[in-house]
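Student: Produce the entire structure from the sequences given, and follow the hints as far as they go.
2 protein chains.
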Amino acid sequence: MLRWNEESSQVQAAALMRPAVSASAKVEAICKTILANVKEQGDKALLSMAKEFDNRSNPRLCVPLDEINASEQALSAELKYAIDTAYANVKRFHEAQLPKDIKLSTQPGVVCELKYQAIEAVGIYVPGGSAPLPSSVIMQGVLAQLSGAKTVVLATPVQGDKAINPAILYAAKLCGITTLIESGGAGAIAAMAYGTESVPKVNKIFGPGNSFVTMAKQLVAQTIPGMAIDMPAGPSEVLVIADERANPEFIAADLLSQAEHGADSQVILLCNSESIIEQTQQALTRQLANLSRKETAEQALANSSLILVDSIAQAFDVSAQYGPEHLILQLGDATPYLDKVKNAGSVFVGDYTPESAGDYASGTNHVLPTYGYSATYSSLNLLDFFRTYTVQTITKSGLTQLSKAILPLADAEGLDAHANAVSIRLEAIKNEQ
Amino acid sequence: MLRWNEESSQVQAAALMRPAVSASAKVEAICKTILANVKEQGDKALLSMAKEFDNRSNPRLCVPLDEINASEQALSAELKYAIDTAYANVKRFHEAQLPKDIKLSTQPGVVCELKYQAIEAVGIYVPGGSAPLPSSVIMQGVLAQLSGAKTVVLATPVQGDKAINPAILYAAKLCGITTLIESGGAGAIAAMAYGTESVPKVNKIFGPGNSFVTMAKQLVAQTIPGMAIDMPAGPSEVLVIADERANPEFIAADLLSQAEHGADSQVILLCNSESIIEQTQQALTRQLANLSRKETAEQALANSSLILVDSIAQAFDVSAQYGPEHLILQLGDATPYLDKVKNAGSVFVGDYTPESAGDYASGTNHVLPTYGYSATYSSLNLLDFFRTYTVQTITKSGLTQLSKAILPLADAEGLDAHANAVSIRLEAIKNEQ
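Residue numbers (this note's numbering), protein chains in the order written: chain A, 1 to 433; chain B, 1 to 433.
These aren't lab readings, by the way, just hints derived from the structure by calculation. It is possible that part of the hints are untrue.
Since the list gives no way to pick one copy over another, a pair counts as held whenever it fits inside one copy or between any two copies.
[Claimed, not checked] When the alpha-carbon atoms are kept at most 30 Å apart in a straight line, the in silico DSS-like pairs for lysine-lysine are as follows:
| hint | residue 1 | residue 2 |
| --- | --- | --- |
| 1 | Lys-396 | Lys-115 |
| 2 | Lys-294 | Lys-39 |
| 3 | Lys-103 | Lys-26 |
| 4 | Lys-91 | Lys-115 |
| 5 | Lys-103 | Lys-39 |
| 6 | Lys-103 | Lys-91 |
| 7 | Lys-32 | Lys-162 |
| 8 | Lys-39 | Lys-404 |
| 9 | Lys-201 | Lys-26 |
| 10 | Lys-150 | Lys-100 |
| 11 | Lys-100 | Lys-51 |
| 12 | Lys-103 | Lys-115 |
| 13 | Lys-91 | Lys-201 |
| 14 | Lys-44 | Lys-103 |
| 15 | Lys-404 | Lys-201 |
| 16 | Lys-150 | Lys-44 |
| 17 | Lys-80 | Lys-342 |
| 18 | Lys-396 | Lys-26 |
| 19 | Lys-294 | Lys-32 |
| 20 | Lys-201 | Lys-150 |
| 21 | Lys-91 | Lys-404 |
| 22 | Lys-44 | Lys-91 |
Tutor: Next comes the structure, spelled out in structure tokens:
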């Protein structure tokens, strides 16, 4: 336990320091080779990587449509209900974000429009690893579906000779995804960025992944003009603000649900009660004992801080300074503080709003800025699947009036041809009269 | 003149090829040194660069407030009117983009919100060069003002021992900017990214610039966690689609108003009439003769293509393939085609809507994606000065119902602690009853 007010600003800063993550030059070099291979050899490179990295003896790339359609038969009724509900809630929340074009007249005869265009082709990456991640399909796939993107590619690795997990397929089916590629890592990112015989080229790539995936996304965004990626990825983190009446078991459970994500996860508790912090420490030890990912969670807890603050108001200041991906407010009444929330990715209000609700099913998106990016970056939202452009339509009399603004500015900026494009038209208007 | 249908796809692609731009390793190395100097030495480094690069004998950094306030006295009535009008139109169009928070219940007892937060501190860069660019101040400053950002820093270089241009100061004054820094290039970007004694540190940096500015922006975005920049910058470009009744003088004037921007600018004409193309060629020669930036425009024209298409519909296909920053439609009736517009940054409809209207005063933003980025990137808009975050609030009964979605998904993903954070609460609810 760290007593915030008794520490120097150096110790305070160290308590909020994130574990260092820097991509090694080795990761970059490997990714560059993979990118070049996929660009040159297409499907062949992907298949050879599936053998090498995913231990598949007879890899394939595309999942046949009837396999996607038949997926729900392999699911328990409970899991199907869960996926259906998560899908419906995420859809409801993001549907409300559908953008509306704007059209207005800025002065007589001058009409300006802001228009939204869905990004035409998007790629979604879903990591493999120890368990399938249907929630990751939903959190990205629903948005692609709502945007009306013409092409949606989902890529995910399959390990060994297992079949692709039916929960992944069913979530993809609900999202209307028909192009599902069994491929992972930097190779899958390269395939979506360059296109191959089986994989359509996309304009923007979404999705989390390991250091190879992250590096490959950065490389394609830097080197292919127009290629975009969702946001910088980093280790996951939670900050809990709890008051003197909070339930230490709930606090410990929330801290652990973040800690089990990865050894580089970070969890921070800010509390105004020494007794609650001590009880939380005990609850952490107790709950940790039963977790299947106990070792991961233990490593993450080593990066983490339980901090005693003077007041809940001070906790919000410290939280704004840290900028947490997830911010949980276990407060009797959070209302007076909600306006003080700053630099958080997603906020969970009250004793009965655990982070796992947002991770899976409340409706908010679980793709969030982390590692201090939440001061500037947004939680994933529907507009990330759109771009805006503008349109202006000006009448003759509109241009005549507007020229009084354009010409002196073009003159001040020394741009003759800019002025000429207007005055040549004014002359034509005069000659007509 | 290139006849589109008679050419191979290779020649077609070559006609739409953009001039290569790649930052040299030398630019990168210089920028890294400048960044390190400013980070270490702050104001001292900026002042020494102002002497070295801007030939200032007695440089200063901050423009005093009374100088900003007195700026309009030095402007002609015409230029003041122009700046006032451009400011008002840009403000009107972007004010309509002010975002509204979203709040809804996805299922009983589960309330989700999407909230907008202004990015707290933003930096605006305005290039110097041969002429002052008050329009660049307006196109960025109005948005910062409307967002309500707490800190807005504007940096612009001043050459030699001249005073900073009053048109820049007056535009800044209208936008409510009080922190105005006389500093340019990579040094100014570093100052806003790291902060110095005189320059507040910002979270996001906007604005165009030369290769040093662009490189410095990329470097700070890559190396400082959470630091954001507006969009990748590239050479400016226009594509004009004109029909058989279009005015060749207007076409030539629009092509030249783009060409005068820089030798690497690109201009493309797509027209369904050979005669109009020939008349445009003649008009280009005639108009070019009188331009003060004749040499620049001539060089740009060398990168450019006048293309004969079969039909206006085909022109829209070619335009979508190119993805122009500016798209001008000199068509008798553009209406049937407006839905076919794709991958354009800003569209100018009709014979009396020249690009210079949007560059200065119609109300739309002149900061646009270029170099093929318009398939994925947006024209600068008010949301670029905001970030979104989400909030969820769940009741006991809400969580009880939602747990049927959370628990099977946590189980499928092998995340025990995620499930535990819910079940520990369900138990508490049960014990209360």
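Student: Look at each hint and say if it fits the structure.
Tutor: Hints and how they fare:
Taking the shortest alpha-carbon separations for Lys-396 and Lys-115, only the intra-copy value of 24 Å comes in at or below 30 Å, while the best inter-copy value is 42 Å. In this assembly of identical chains, Lys-294 and Lys-39 lie within 30 Å of each other by CA distance neither inside one copy nor across copies; the values are 41 Å within and 42 Å between. Proximity of Lys-103 and Lys-26 under a CA criterion of 30 Å is satisfied in neither setting, with 51 Å inside one chain copy and 46 Å between copies. Taking identical chains as interchangeable, the C-alpha atoms of Lys-91 and Lys-115 lie at most 30 Å apart whether they share a chain (22 Å) or sit on different chains (17 Å).
For the homomeric pair Lys-103 and Lys-39, neither the shortest alpha-carbon distance inside one copy (42 Å) nor that between copies (44 Å) is at most 30 Å. When the C-alpha separation of Lys-103 and Lys-91 is checked against a cutoff of 30 Å, the pair qualifies both within a copy, at 27 Å, and between copies, at 14 Å. For the homomeric pair Lys-32 and Lys-162, the shortest alpha-carbon distance inside one copy (29 Å) is at most 30 Å, but the shortest distance between copies (48 Å) is not. For the homomeric pair Lys-39 and Lys-404, neither the shortest alpha-carbon distance inside one copy (52 Å) nor that between copies (44 Å) is at most 30 Å.
Within a single copy, Lys-201 and Lys-26 get their C-alpha atoms as close as 27 Å, which meets the 30 Å cut-off; across copies the closest is 33 Å, which misses it. For a Cα distance limit of 30 Å, the shortest separation of Lys-150 from Lys-100 qualifies both inside one copy, at 19 Å, and across copies, at 28 Å. Proximity of Lys-100 and Lys-51 under a CA criterion of 30 Å is satisfied in neither setting, with 47 Å inside one chain copy and 50 Å between copies. For a Cα distance limit of 30 Å, the shortest separation of Lys-103 from Lys-115 qualifies both inside one copy, at 8 Å, and across copies, at 24 Å.
Taking the shortest Cα distances, Lys-91 and Lys-201 sit within 30 Å of each other inside one copy (26 Å), while across copies they are farther apart (38 Å). For a Cα distance limit of 30 Å, the shortest separation of Lys-44 from Lys-103 qualifies neither inside one copy, at 49 Å, nor across copies, at 48 Å. In this assembly of identical chains, the alpha carbons of Lys-404 and Lys-201 never lie at most 30 Å apart, being 47 Å within a copy and 38 Å across copies at closest. When the C-alpha separation of Lys-150 and Lys-44 is checked against a cutoff of 30 Å, the pair qualifies only within one copy, where the shortest distance is 26 Å, while the shortest distance between copies is 53 Å.
Proximity of Lys-80 and Lys-342 under a CA criterion of 30 Å is satisfied in neither setting, with 37 Å inside one chain copy and 39 Å between copies. Neither within a single protomer nor between protomers do Lys-396 and Lys-26 lie at most 30 Å apart by alpha-carbon distance, with minima of 61 Å and 49 Å respectively. In this assembly of identical chains, Lys-294 and Lys-32 lie within 30 Å of each other by CA distance neither inside one copy nor across copies; the values are 35 Å within and 43 Å between. In this assembly of identical chains, the alpha carbons of Lys-201 and Lys-150 lie at most 30 Å apart only when taken from the same copy (12 Å versus 41 Å across copies).
Proximity of Lys-91 and Lys-404 under a CA criterion of 30 Å is satisfied inter-copy only: 18 Å between copies versus 48 Å inside one chain copy. Taking identical chains as interchangeable, the C-alpha atoms of Lys-44 and Lys-91 are never at most 30 Å apart, the minima being 37 Å within one chain and 54 Å between chains.
Of the numbered hints listed earlier, those contradicted by the structure are 2, 3, 5, 8, 11, 14, 15, 17, 18, 19 and 22.
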